[in-house]
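K.L.:
Each chain, letter by letter, is given below.
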Amino acid sequence: MAIAYMSMPAINRRMLDRELKKGSAELIILSILEPRARHGYEISKLIETRSHGQLKFHIASLYPLLYRLEERGWLQGRWVEKAGQRRRRFYSLTAEGKKVLASQRSTWKAFVEAMGLITGVHHA
Amino acid sequence: MRNPSGGDWNDDLRVRLAGLRLSPAREAEIVEELSQHLDDRYEELRAAGSSDADARRLALEELSEAGGLTQRMQSLSQVNQPAPVVPGQLRPGVLRGLWQDVQYAARTARRQPAFAATIVATLAIATPRRSYRRSLWPHNSSPSRWRCSGRSGSCCSSRAPTSPT
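Those sequence lines, one after another, are chains A and B.
The numbering of the first sequence is our numbering, which starts it at 1 and goes up by one.
The numbering of the second sequence is our numbering, which starts it at 1 and goes up by one.
Pulled out of the complex, with its shape left as it was, chain A reads as follows (with noise of 0.2 Å):
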């Protein structure tokens, strides 16, 4: 019982981690993306950084990602080659993405005025 006790917030947690991530993902991604086109391991590494390490996608849910969002139309992906370079796969936001991204920035930023208003959480 003791142990079900203790690991019970510890596995609250990690399920909470995955499904705010999971429901934000789209939204980094987009906003990442906003200024202009980069490459994969770029995109996880700002990723990493803007969050001071809050945040990680690792290689395995980062393009998987990429590339649904690539299928909906709101991201495109395209090769460039640099001179002395190896060419790398930037991904840039489409007419469409961009859309998408004001829309969800619209509807994070009412949830959490409205989380705020609830929990008693504002932003720093």
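Worth flagging that the hints you see were computed from the coordinates, not collected in a lab.
Computed from a prediction, not measured in an experiment: that's the story for all the values here.
One should not assume that every hint holds.
[As the list claims (entries may be wrong)] Selected chain A positions facing chain B (in silico; Cβ < 8 Å):
(1) Tyr-41
(2) His-58
(3) Ile-59
(4) Ala-60
(5) Ser-61
(6) Glu-71
(7) Lys-82
(8) Gly-84
(9) Arg-86
(10) Arg-88
(11) Phe-90
Beta carbons: idealized from backbone N, C-alpha and C, even for Gly.
Got chain A; can you put chain B on it based on the hints?
P.N.:
What follows is chain B alone, placed relative to chain A:
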């Protein structure tokens, strides 16, 4: 893509992607892209002090995180593509094979219309003639049997019409 440890990410990636049945071109693209990511990750881990073996192991372990790359890609529409059609190689299933034959015939007719027209004309002329001959001479009394029955030889004796007793 080779990593500095002398290993090859491509083999690991191909094994993981094999079950997804991507098109060969798409699979090659994904392998190239993920190999680059693993190269970068390997370099990062090495720069942070990991040994060669540890850096390689940790980079590969990330492919299995969060349910694993393969599982996360299952829902994509680019997976489970039909196998490429190889000329002369039948796919399992009679109807599939038949459909494959029809597609192949249609493609050939488009590419070589003169050849296709010759084949169709030959069949159009030959098939009614054969049917007409069969209608004139029923199976048990074809002219070839009549010719044969008049000569000596083993074939004639076995084929000679027998009279009812």
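K.L.:
Hint by hint, note whether the structure agrees.
P.N.:
To see whether the hints hold, each was checked on the structure:
no. : hint   : result
1   : Tyr-41 : 4 Å, holds
2   : His-58 : 4 Å, holds
3   : Ile-59 : 5 Å, holds
4   : Ala-60 : 4 Å, holds
5   : Ser-61 : 4 Å, holds
6   : Glu-71 : 6 Å, holds
7   : Lys-82 : 13 Å, violated
8   : Gly-84 : 15 Å, violated
9   : Arg-86 : 7 Å, holds
10  : Arg-88 : 6 Å, holds
11  : Phe-90 : 11 Å, violated
In the structure shown, a violation is registered for the earlier hints numbered 7, 8 and 11, in ascending order.
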